[in-house]
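J.: What follows is each chain in one-letter form.
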Amino acid sequence: MIQRLFGPTLLLVAGAGVFSALIPVIFLVTPTAQIAAGGAAQRIFYLHVPAAYAMYLAGTLCFVASALYLLRESDARDAMARAGAEVAVLGGTMVLCSGPLWAKKAWGVYWTWDPRLTTALLSWLVYVAIVLLRRFTTEGEPERRFAAALGVLGWFNLWLIHLSVQLWGGNHPTVLTRGGGGLHDPTMGLALGLGLTAMTLLTLALVWLRTRLHLARTGLERVEHQRLHDDADTGA
Amino acid sequence: MTQTREPNRVPSLLPGAPSPPDAPADPASPMPTPPTAPAAIRSDEVTPATDGRAASFVADHGSAATTSAEATLVVAYLLMWWLVFAFVWGTFRRIRRLDTRLRELESAQARRLPEHDNGAQT
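Chains as they are written, first to last, in our numbering: chain A, 1 to 236; chain B, 1 to 122.
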């Protein structure tokens with residue numbers, strides 16, 4: 001088991017290392033932003049944006065694996081699609097938890113039906129649906145294909161999150177979109193870069209790990225099924 | 001001090017949106033003016049919020065009001081880390097269980113093979 005998990009474990013350790021460097025940068029190096037941006041609460045940005053990026057990345061991996069699965073079925077593609085959806089749920093949960101904590105300080109409310117928030121919630125629900133579908137149904141072919149179709153659909157919804165601010169306005173900050181003012185302090189860019197790097201490593205590690213898990217589980221179920229068959233044949 | 005911002009730019013679905021202030025009471029009137037019901041926000045009064053939202057982050061040095069959110073920050077980061085660690089721990093735990101089960105099956109298979117061989121010979 002140690003050999004099989006060396007790759008993802010290495011990525012996890014690397015990601016943890018980058019996060020360890022990120023935390024002091026966030027709390028000790030980056031300046032506090034202006035009051036209109038939430039003041040000290042703006043520092044949630046350095047986790048909130050990387051978490052959203054993790055959801056995009058995992059959702060993209062789910063999309064690729066799902067599309068390939070629909071073209072030609074294989075256990076590996078199905079496992080990776082399922083893993084991508086699970087990690088996208090994790091990233092989305094982090095986004096939807098961290099954002100309202102910042103919003104309470106900046107806007108005075110935890111939640112609004114802002115276009116970006118609403119589309120982010122919708123995307124998260126699509127990936128939750130995929131995870132629940134795979135968790136509570138059998139491992140039959142129709143269920144796998146249905147989940148793969150949802151995985152393809154979910155990716156297009158991620159684009160809506162990204163474009164929602166330009167298309168429909170709203171209250172969500174537009175710091176990183178075209179036309180936005182950007183980060184006016186170089187240490188802010190450093191913290192964001194570290195966060196994105198750490199989340200890339202973490203997302204790839206988790207998708208890799210979960211893919212291995214699902215492949216192992218599928219293989220084990222096949223072996224057990226075969227064993228039951230053999231027992232039935234021999235009358236044991 | 002908690003920083004609040006009047007959420008008057010968002011659509012009317014926002015719960016707890018502030019209602020317009022009541023009209024001032026006439027000091028000569030003996031009866032208090034009954035409170036008016038909050039006016040419903042008409043669709044033509046709702047405008048997309050384009051001003052007031054942050055389009056950039058700039059450093060704000062020396063402001064006392066920026067230090068009130070540190071508890072929120074710590075809670076947010078702890079919550080995120082808890083989520084990630086719980087996910088990773090759960091994954092490794094399931095992998096361990098699968099490995100254990102696989103080893104059981106392999107040893108059962110290995111025990112069965114000599115029995116099959118004996119059966120074949122007789």
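Mixed in with the good hints, there may be bad ones.
Claimed, not checked - Examples of chain A residues toward chain B, derived with CB under 8 Å:
| hint | residue |
| --- | --- |
| 1 | Leu209 |
| 2 | Leu213 |
| 3 | Val223 |
No wet-lab data here; the hints were simulated from the structure. If you're wondering where the values come from, they're calculated on a predicted model, not measured in any experiment. The beta carbon of each residue, even a glycine, is placed where N, CA and C say it ideally should be.
J.: Next, verify each hint and record whether it holds.
T.: Hints, one by one, checked against the model:
no., hint, in the structure
1, Leu209, "holds (5 Å)"
2, Leu213, "holds (5 Å)"
3, Val223, "holds (6 Å)"
Checked against the numbered hints above, the structure breaks none of them.
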